[in-house]
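Just so you know, the sequences run in chain order X and C. If you read the first sequence in this note's numbering, its first letter stands for residue 1, the second for the next number, and so on. If you read the second sequence in this note's numbering, its first letter stands for residue 1, the second for the next number, and so on.
Just so you know, the hints here were simulated from the structure itself, not pulled from any lab data. Treat the hints with care, as some may be off.
Derived DSS-like pairs (lysine-lysine); straight-line CA-CA distance at most 30 Å [what the hints assert, rightly or not]:
id, chain 1, residue 1, chain 2, residue 2
1, X, K74, C, K405
2, C, K249, X, K113
3, X, K116, C, K97
4, C, K207, X, K113
5, C, K204, X, K116
6, X, K113, C, K296
7, C, K235, X, K22
8, C, K191, X, K123
9, C, K7, X, K123
10, C, K64, X, K113
11, C, K207, X, K116
12, X, K113, C, K280
13, C, K218, X, K113
14, C, K405, X, K122
15, X, K35, X, K116
16, X, K116, C, K370
17, X, K116, C, K218
18, C, K165, C, K139
19, C, K280, X, K22
20, X, K3, X, K72
21, C, K201, X, K22
22, X, K122, C, K191
23, C, K233, X, K116
24, C, K204, X, K113
25, X, K2, C, K145
26, X, K116, C, K463
27, X, K113, C, K201
28, X, K122, C, K207
29, C, K249, X, K116
30, C, K235, X, K113
31, C, K207, X, K123
32, X, K116, C, K64
33, C, K280, X, K122
34, C, K405, X, K116
35, C, K280, C, K370
36, C, K64, X, K22
37, X, K113, C, K97
38, C, K204, X, K122
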Amino acid sequence: MKKILVVDDDPQILEIIEIRLKANNYVVITSPDGKDAILKAQKEKPDLIIMDIMMPNMPGGDAVRILMADEKTKGIPIIFLTALTANLPYEADHKGVINVDGHFLTAIPKPFKPEKLISEIKKILG
Amino acid sequence: MESSKFKILIVEDNPTDIKVLTDILTSLGAGFSIRIASSYHAAKENFQNDVPDLILLDIYLPDKDGFYFLQEIHQKGYEDIPVILLSAFSDKNEKLKSLELGATDFINKPVLAEELKARVNFQMRLKKITDDHRWASEKTNEGIKILYKELENKNKKLKELDQLKDEFINNVSHELRTPLTIIQGSVSIIKDGLLGEINEKQNKHLKNTLENIDRLGKIINDLLDISTIENRKMKISRENVNMTDLARKVVSDFIPLVVTKGLEIKCIVPDGRVDVFVDKDKIIQVLVNLVNNAYKFTDQGRIEVSVIENADTVECRVKDTGIGISESDLPQLFSKFNQIGRQHGAGAKGTGLGLSITKGIVELHDGQIKVESSVGQGTLFTVLLPRSPIAKQYKNLMDSLAEVKLQYNIYSVLAFNIQDSGFRNEGLFNELISLIKKQIHRKSDLIVRDNGAVFVVLSDTKKEDALIVLNRLRYAVDAKGWEKSYSGFKGFVIKVVSLPEDVQTDVELIDLLKTYKEAI
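All chains, please: the whole structure from these sequences, using the hints.
Set out below in structure tokens:
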């Protein structure tokens with residue numbers, strides 16, 4: 001079973017995502033902020049990380065930069081899940097990309113439809 | 001204040017006359033101060049110490065004559081100080097000369113008391129009127145200044161409020177999304193039976209809940225959109241877009257929805273590509289908005305989306321056979337929060353922002369949106385987008401930049417635009433190009449002509465280095481003095497834009513060079 005690390009400072013959001021992902025047969029680890037997420041990613045080696053952006057204790061963007069630079073975590077695919085959609089382009093299927101230093105990462109705006117999240121995950125994990 | 005007394009300067013050397021004058025004046029009352037100067041030099045000094053309100057001036061003085069003094073104070077700018085000349089005035093020419101030199105009045109010697117009193121009184125009244133007038137106008141000016149200051153303050157406050165409003169909308173949009181995410185997530189978990197089975201009735205209500213959560217999400221997006229458009233903060237990132245593909249995609253996305261309502265939807269596009277240089281996502285948003293409107297307000301018949309290629313524009317039309325818009329409603333159609341079709345059925349739910357957002361996006365692209373409609377017949381929206389304006393006008397430059405980009409991610413572009421856009425001369429351009437060639441020695445630097453301007457693309461060149469090249473070229477161009485040899489030529493406007501210091505993309509770069517040109 002594939003392992004997914006979900007990072008969000010809101011425990012209720014973590015909970016709903018966890019239930020949804022478990023129902024789709026993924027193993028789920030959760031983390032409340034960027035710093036903790038880096039430690040968990042190094043330790044647990046997840047197959048995918050779902051990352052919020054606005055969080056205390058290191059925002060998602062910074063955490064992603066560190067994860068992408070770290071040998072142990074640089075290969076892990078990342079999806080942003082964020083309410084900061086002002087800089088996300090509009091698309092008919094509610095999905096965009098965020099450019100992190102030239103790496104274009106999938107970004108799903110909040111609120112999100114569960115089927116969108118699952119289909120984006122499946123695109124990456126198969 | 002000293003100025004409350006009317007200050008009279010008597011310039012007279014004859015002691016008898018001085019006595020006569022002062023006697024008459026003191027009999028007028030206490031409202032005076034009288035000073036006496038018995039020579040030109042004394043008068044000059046006295047005048048400089050304290051400018052009087054009236055001068056009684058004898059023409060014959062021991063050192064210089066009165067005319068000289070009169071002329072002198074006028075030259076110094078004291079033309080508004082009244083001067084009454086005192087003389088026997090046996091000579092007509094003397095009077096004429098006095099007038100020419102700007103004397104206010106004459107009094108014949110020997111002085112008659114009544115005459116002097118009348119003249120002085122008149123000057124006093126005149127001064128009072130002038131002073132009152134000056135006072136009033138000063139007060140008015142002060143009042144205007146105060147009002148202006150108040151206006152400025154109010155304006156500043158309004159701007160601050162406006163910014164607060166923007167921040168508020170941004171924050172609120174963000175803060176609303178988080179709870180909405182949780183509500184949506186929780187409801188969908190229940191609805192999908194992840195927490196246990198639910199019955200059909202429960203399912204129906206949960207479905208309604210989700211639909212309305214969706215609607216709320218759209219309202220938040222719309223609010224954010226309209227606020228970024230209104231504050232001119234919406235950015236468009238242009239790319240080459242094939243409008244026929246785009247129209248087909250939007251139409252095919254709508255087919256399931258439209259068919260369920262029993263409507264027909266058609267896409268009429270020319271064969272082959274119709275390219276426009278636009279922000280793809282935003283133009284999709286425009287089309288989706290228009291087709292969605294057509295869908296909402298059409299109960300039977302069809303929706304037609306067509307793309308038409310004109311010489312300078314690409315036209316997108318969305319036509320429906322819906323309820324139409326009455327003539328009286330048309331003017332407010334694009335205003336905010338205006339829901340003209342609200343009374344027409346439950347399908348017509350929305351924020352009332354869709355069309356103002358649509359219009360805003362079209363105008364950001366320098367395009368136009370038009371509407372024609374008749375009640376009961378249907379509505380036709382036409383969007384006109386300028387055809388690849390930048391890519392087309394600046395094709396050579398775009399191509400050169402594409403070439404440079406293969407090797408370098410730092411470069412600067414110098415632009416030579418002619419100051420008066422009406423002036424065109426091939427000879428001048430050729431001269432300029434050969435001059436630039438002499439000044440630029442690196443093989444990797446390119447000289448390009450486009451849209452009536454000459455561009456120098458300096459690869460691997462930072463802004464600070466580009467400015468040095470710019471100065472060298474400016475000097476060389478100035479030395480040529482083309483303004484003299486080409487009539488009508490007023491000079492070049494030379495600008496430099498660097499990547500990445502000024503801009504991030506080529507289109508932004510050209511946009512900036514273009515605005516420089518338009519700013520002239």
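Verification of the hints:
Among the hinted pairs, X:K74 with C:K405 is consistent with the structure: their alpha-carbon atoms are about 27 Å apart, no more than 30 Å. Taking the CA atoms of C:K249 and X:K113, the gap is near 21 Å; set against the 30 Å cutoff, the hint holds. For the hint linking X:K116 to C:K97, the alpha-carbon distance of about 100 Å lies beyond 30 Å, and the restraint is violated. Among the hinted pairs, C:K207 with X:K113 is consistent with the structure: their alpha-carbon atoms are about 13 Å apart, no more than 30 Å.
Pair hint C:K204 plus X:K116 holds up; C-alpha atoms about 21 Å apart against a cutoff of 30 Å. Only pairs whose Cα atoms come within 30 Å are accepted, and X:K113 paired with C:K296 is accepted, the gap being roughly 23 Å. Taking the CA atoms of C:K235 and X:K22, the gap is near 39 Å; set against the 30 Å cutoff, the hint is violated. Between C:K191 and X:K123 the alpha-carbon distance is near 25 Å, which keeps this suggested pair within the 30 Å criterion.
Proximity of C:K7 to X:K123 is assessed by CA-CA distance (about 98 Å); at most 30 Å being required, the pair is judged violated. Between C:K64 and X:K113, the direct Cα distance comes to roughly 102 Å. Violation of the 30 Å bound is thereby established for this hinted pair. The suggested pairing of C:K207 with X:K116 holds, with an alpha-carbon distance near 17 Å, which does not exceed 30 Å. Straight-line distance between C-alpha atoms of X:K113 and C:K280 comes to about 23 Å, which keeps the hinted pair within the 30 Å bound.
Taking the CA atoms of C:K218 and X:K113, the gap is about 13 Å. The hint holds against a cut of 30 Å. At most 30 Å may separate the alpha-carbon atoms for a hinted pair to count; C:K405 and X:K122 exceed this at roughly 35 Å. At roughly 27 Å between alpha-carbon atoms, X:K35 and X:K116 fall within 30 Å of each other, so this suggested pair holds. For the hint pairing X:K116 with C:K370, the CA-to-CA distance comes to about 35 Å; that exceeds 30 Å, so the pair is violated.
Pair hint X:K116 plus C:K218 holds up; C-alpha atoms about 16 Å apart against a cutoff of 30 Å. Distance hint between C:K165 and C:K139 is unfulfilled; the C-alpha atoms sit about 38 Å from each other, more than 30 Å. For the proposed pair C:K280 and X:K22, the alpha carbon gap of about 36 Å is over 30 Å, so the pair is violated. Proposed proximity of X:K3 and X:K72 is supported: the alpha carbons are some 16 Å apart, at most 30 Å.
Between the alpha carbons of C:K201 and X:K22 the distance comes to roughly 26 Å, so the proposed pair stays at or under 30 Å and holds. Taking the CA atoms of X:K122 and C:K191, the gap is about 22 Å. The hint holds against a cut of 30 Å. At roughly 29 Å between alpha-carbon atoms, C:K233 and X:K116 fall within 30 Å of each other, so this suggested pair holds. The suggested pairing of C:K204 with X:K113 holds, with an alpha-carbon distance near 18 Å, which does not exceed 30 Å.
Under the criterion of a C-alpha separation no larger than 30 Å, the hint pairing X:K2 with C:K145 is inconsistent with the structure, at around 73 Å. Between the alpha carbons of X:K116 and C:K463 the distance comes to roughly 44 Å, so the proposed pair goes past 30 Å and is violated. As the CA atoms of X:K113 and C:K201 are separated by approximately 22 Å, the hinted pair is consistent with the 30 Å bound. Using a Cα cut-off of 30 Å, the hinted pair X:K122 and C:K207 holds, with the two alpha carbons roughly 25 Å apart.
Between C:K249 and X:K116 the alpha-carbon distance is near 19 Å, which keeps this suggested pair within the 30 Å criterion. Among the hinted pairs, C:K235 with X:K113 is consistent with the structure: their alpha-carbon atoms are about 26 Å apart, no more than 30 Å. For the given pair, C:K207 sits about 27 Å from X:K123 by alpha-carbon distance, which is consistent with the 30 Å threshold. At roughly 103 Å between alpha-carbon atoms, X:K116 and C:K64 are farther apart than 30 Å, so this suggested pair is violated.
A threshold of 30 Å between alpha carbons decides the hint, and for C:K280 with X:K122 the separation of about 26 Å falls inside it, so the pair holds. The straight-line distance between the Cα atoms of C:K405 and X:K116 is roughly 36 Å, outside the 30 Å bound, and the hint therefore fails. Between C:K280 and C:K370 the alpha-carbon distance is near 20 Å, which keeps this suggested pair within the 30 Å criterion. Distance check on the hinted pair: C:K64 and X:K22 sit about 113 Å apart at the alpha-carbon level, beyond 30 Å; violated.
Pair hint X:K113 plus C:K97 does not hold up; C-alpha atoms about 99 Å apart against a cutoff of 30 Å. At roughly 28 Å between alpha-carbon atoms, C:K204 and X:K122 fall within 30 Å of each other, so this suggested pair holds.
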